[in-house]
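Protein sequence lines correspond, in order, to chains S and W.
To convert, note that position 437 of the first sequence is 437 in my numbering; the numbers rise steadily by one, no gaps.
To convert, note that position 44 of the second sequence is 642 in my numbering; the numbers rise steadily by one, no gaps.
Treat the hints with care, since some could be wrong.
Claimed, not checked - Between beta-carbon pairs, the in silico distance windows are:
#: 1; chain 1: S; residue 1: Glu250; chain 2: W; residue 2: Thr1152; range: 41 to 47 Å
#: 2; chain 1: W; residue 1: Glu685; chain 2: S; residue 2: Thr337; range: 30 to 36 Å
#: 3; chain 1: S; residue 1: Asp593; chain 2: W; residue 2: Leu620; range: 30 to 36 Å
Claimed, not checked - Heads up, simulated BS3-like pairs for lysine-lysine below, C-alpha to C-alpha not over 25 Å straight-line:
#: 4; chain 1: W; residue 1: Lys1147; chain 2: S; residue 2: Lys595
#: 5; chain 1: S; residue 1: Lys458; chain 2: W; residue 2: Lys924
#: 6; chain 1: W; residue 1: Lys822; chain 2: S; residue 2: Lys549
#: 7; chain 1: S; residue 1: Lys458; chain 2: S; residue 2: Lys224
#: 8; chain 1: W; residue 1: Lys932; chain 2: S; residue 2: Lys224
#: 9; chain 1: S; residue 1: Lys458; chain 2: W; residue 2: Lys932
#: 10; chain 1: S; residue 1: Lys330; chain 2: W; residue 2: Lys1056
#: 11; chain 1: S; residue 1: Lys330; chain 2: W; residue 2: Lys822
#: 12; chain 1: W; residue 1: Lys750; chain 2: W; residue 2: Lys678
#: 13; chain 1: W; residue 1: Lys980; chain 2: S; residue 2: Lys8
#: 14; chain 1: W; residue 1: Lys822; chain 2: S; residue 2: Lys334
#: 15; chain 1: S; residue 1: Lys8; chain 2: S; residue 2: Lys47
#: 16; chain 1: S; residue 1: Lys234; chain 2: S; residue 2: Lys73
#: 17; chain 1: S; residue 1: Lys326; chain 2: W; residue 2: Lys1193
#: 18; chain 1: W; residue 1: Lys1193; chain 2: S; residue 2: Lys334
#: 19; chain 1: S; residue 1: Lys595; chain 2: W; residue 2: Lys932
#: 20; chain 1: W; residue 1: Lys928; chain 2: S; residue 2: Lys224
#: 21; chain 1: S; residue 1: Lys80; chain 2: S; residue 2: Lys47
#: 22; chain 1: W; residue 1: Lys1056; chain 2: S; residue 2: Lys326
#: 23; chain 1: S; residue 1: Lys382; chain 2: S; residue 2: Lys26
#: 24; chain 1: W; residue 1: Lys924; chain 2: W; residue 2: Lys671
#: 25; chain 1: W; residue 1: Lys924; chain 2: S; residue 2: Lys326
#: 26; chain 1: W; residue 1: Lys606; chain 2: W; residue 2: Lys671
#: 27; chain 1: W; residue 1: Lys750; chain 2: S; residue 2: Lys595
#: 28; chain 1: W; residue 1: Lys980; chain 2: W; residue 2: Lys624
#: 29; chain 1: S; residue 1: Lys152; chain 2: S; residue 2: Lys189
#: 30; chain 1: W; residue 1: Lys924; chain 2: S; residue 2: Lys224
#: 31; chain 1: W; residue 1: Lys924; chain 2: S; residue 2: Lys595
#: 32; chain 1: S; residue 1: Lys152; chain 2: S; residue 2: Lys224
Hints listed in this document are in silico derivations from the structure and should not be mistaken for laboratory results.
We put the beta carbon where it would ideally sit given N, CA and C, even for glycine.
2 protein chains.
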Amino acid sequence: MTARFVSKRNLEFLLYEVFDLLSLTKHAYYREHDRQMFTMVLETSLKMAEETFLPILAEMDRQPPELAAGTVKVHPAVRKILRDFGEGGWIGSIHPESVGGFQLPLMLDNACSFVFSAANYSAIIYPGLSKGAAGLIINFGSQELIDAYIPKLLSGEWQGTMALTEPQAGSSLTDLTTTAEPTANGHYKMRGRKIFTSAGEHDGVDNIIHLMLAKIPGGPPGVKGISLFVVPKKRIENGKLVSNDVAASEVYHKMGYRGAPILGLSIGENNDCRGYLVGEPHQGLRYMFQMMNEARLGVGMGAAAIASAAYYTALDYTRQRLQGRKPTEKDPSKPQTPIIEHADVKRMLLFQKAVVEGSLSLLMQCSYYADLVKVLPDGDEKRRYELLLDLLTPIAKTYPSEMGIQSVSQSLQCLGGYGYCDDFPVEQYYRDARIHPIHEGTTGIHGMDLLGRKVTIKDGAAFQLYLAEIRQTLERARAISTFQPLANQLEAALTSLEQVTTHLIGLSQSAGTEHFLADATLYLELFGVITMAWQWLIQGLSAHAALEKSPAETDFYQGKLHTLRYFFRYELPKTLALTSILMDTSSLTVELDTKFLG
Amino acid sequence: MTARFVSKRNLEFLLYEVFDLLSLTKHAYYREHDRQMFTMVLETSLKMAEETFLPILAEMDRQPPELAAGTVKVHPAVRKILRDFGEGGWIGSIHPESVGGFQLPLMLDNACSFVFSAANYSAIIYPGLSKGAAGLIINFGSQELIDAYIPKLLSGEWQGTMALTEPQAGSSLTDLTTTAEPTANGHYKMRGRKIFTSAGEHDGVDNIIHLMLAKIPGGPPGVKGISLFVVPKKRIENGKLVSNDVAASEVYHKMGYRGAPILGLSIGENNDCRGYLVGEPHQGLRYMFQMMNEARLGVGMGAAAIASAAYYTALDYTRQRLQGRKPTEKDPSKPQTPIIEHADVKRMLLFQKAVVEGSLSLLMQCSYYADLVKVLPDGDEKRRYELLLDLLTPIAKTYPSEMGIQSVSQSLQCLGGYGYCDDFPVEQYYRDARIHPIHEGTTGIHGMDLLGRKVTIKDGAAFQLYLAEIRQTLERARAISTFQPLANQLEAALTSLEQVTTHLIGLSQSAGTEHFLADATLYLELFGVITMAWQWLIQGLSAHAALEKSPAETDFYQGKLHTLRYFFRYELPKTLALTSILMDTSSLTVELDTKFLG
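Isolated chain S (complex conformation):
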């Protein structure tokens, strides 16, 4: 059966019809795979998600995590999931065979992550973090580190983490104060505090391996002095695991996403914490960004996934729930209608479908770019995908995160009072989803990243590539008469985006950086809406082609075409307001004296 938290058909549509997963197998790294293998992997993920992840969704949410005897008791299934994931090759899925990995394309791996996240977002966090931590060691660590940590991370016996944030350094990593003092024995003596470390301590594994940012005393100030370390909870001494002086100091009580505990860590309180440098000193942030960029796509994926699960809950509910009658039906003795037939409910559902499937489309495209960056030889083509991926990452993280919240909220609204109660999982989705605009860089940070860095670097090379990509799609669209008005509408929005961009860059020269970046969040929002319109046009073109070719699966493809039309009819016009706001030259916020706020 098709699980009703994701659409397998839609995943296949994106993997094989809209983008081209199979084309990756012509590259040496992915040569061993074929469609049959990909199908098996995706189907296994659906089966595991439905049978193992979904049934414990509510259970994992209900008990707030408590710190006792130095650890956090998590749901007993966590240990089993990690071991099963290890045995099934899911933690090493994207990693090289040489270290025990499976060399799966990131695109397919992310499609599977989407499936797992839709079933139970908290549960996938554990193996997901280990996968990311292992990636850093594999790519930048010494053979010694690889030998010491990778087998146990990939087997699911040990947990990997990302330990970045500190009490005084959240968005501002430049202000990290955790120190790593070199010793004569090759390792470093670690000392400091970390907060908000996901899965930073729990009883579902035998050891926790922190990939930790810290500063080597005497290094350059700011982000240039950040290095990356492996800091295990228990270190290996003479073949045995001994305590490494990393203590869980607090556990946070979160509103949602409660199945995965988030910890505060105290490092080296007894002056006996050893860290092992990954790669070169002072290169930590660069290394970490490799993981963070993947993690950012992962956040987008998780956000779209939760919205997907909420959408299908709302879809099923609105089909069954009878309430009210068509406005033209005045006879109260006539039977009530399923609420899905009310225009307002249809609009809410189309919105959810547009957000879920549009976001997933962008994320699949970005994953495809990431795969190409991984396997292409150095040169123009690789550089092109690198630039596009860099530019699109803040959007692929933020649009699903911000609009995912709205989408889940609309799912909840479709269920009325029941949506607010735990009879249905939507209220949990609503709580779970709220984390996404916060972790892996807040929306505000991504706005500044997009406008202040990605759009302007290399004289706007990435931005020009982005415009060229969309205009290629527009060209294809104009060849089909029913698509022409849509192409014209998106072309107009794109022209506005160019004008806004020119205007803002002009502002950076005339008024300074602060004015330039003041509304970067709204610029990101504008960019997001336009990017989604593009994704819907891409999907619409594939749907149109499929319908031309064969009359099968009409409903699926018509669904794509209607949602495309929905997006251009109801969502794309938001660019009118955003353009107007961004072209306004009054610098209200920058100049505001904050004492006026009350």
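Given chain S, work out where chain W should sit, using these hints.
Below, chain W without anything else, positioned relative to chain S:
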């Protein structure tokens, strides 16, 4: 001290400077009151809210309500609050002295409700429901009912409720099936099921008095056959309380607003439930609407109040939290800046202030209208305020509810990761606030009420009055040079609203009711933004006048002027998108075949 969940200064500004609470005292009903009395009432509410309500905000949230031995154990403070409220005259505050009330203007009473709701929304629900239930009995019930129920309701010994919703009749009240069979003894035999009844059962009172909608067999079909009954949990027989066969059948586990239990009720399972008709048969919905309209303002008030509490939490946090530096400051050794100084954070805070204070302004205006409707003699003036109040009620309910959620979400975002944890109350506010677009009529229902009824009744008389009111404000604004561009901007938006309205009414004739109402929710949103712009202009004019008159309290008034500018700069442009969407003639949603949704 000024409590940091509301601004007392802002309440006074609205009560005395923007609108004119004192002018009500020239009407006989309010003659006994004066400014000193009003001040004392408001100050008492602030003190009680801070000392009694706020300290138990989190406690009331933490334990989900469970049904045991036929009742729900609520926080022990609930009993005390109800009795204190009774003794202090708060439950009878707006009711006539003749029945033990205090004859307080609704405007001041709502200001106090705002204060209590901001401190603890769940806690104010209990006395608030009793106040509403008492109002129905006082206005429409017999002297016998008044004598039997009002004293105990107003003293806080008994709990009043509104029992409307049934499993098959939520938004569609026409489909109620609870029956009331007349008996020879004057009472009715009640039988049926109710769901989602707030405070429908709990151990903080000695009796529960349901104001219940039901149908008398043989009456007209649909809403015309609905009657209103008093249905006590325990009825009075020979001066004693005996069980009246109303059983709590289930308690809902809600995401938020958890301090007030919501019940399912089983009525007359043992064929021994007596109901007492209020007023005339078949007039129940009309009576209930009196309570519902007040309750709808109450929901708007609660929504704005929660957003207020979240705003002040965010304001205090962003003033203290150091993170990052100005974009122009590249030296990482310089101290970090309070995040309130970042332009993006200022924008988020201005948004919250705009939503909170704009909503409250509209709600005070509506309350003022409600007071005038209550005390004016029949005639044109009264009719005028009735029409304006009718028109504005769906907006005063929905704008604070929908935008309150966004506002609290932005408060949460200001706190970053901490906003997602229960170290601060914002995560609770986020959960609590989500109820508001659902209860007392969903946003979709209010959209249809506004467009399908309020805007069109009496040939658009209410809409014309609304336009005239705003244009009067515009005239005042144009007299001040700095206000002229704002007046022009609002005039343009108003013209758009007229065009959209004409267009949609035309659609009702050319394409039918379903097309006409398909986007009523978006029409309500458009109407809401314009109404808020008006409220900000009104407030701005008062602030301007105050600054002209005296140089005192500059910060407060400058805050108003900056928020006015914020609204016109960042919020009013949303009308551009909404107008474009609403003028589009393609009927995408109405014609969508729902099988395409997946």
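Flag every earlier hint the structure violates by its number, smallest first.
When the structure is compared with the hints, numbers 2, 6, 9, 13, 24, 25, 26, 27, 32 turn out to be violated.
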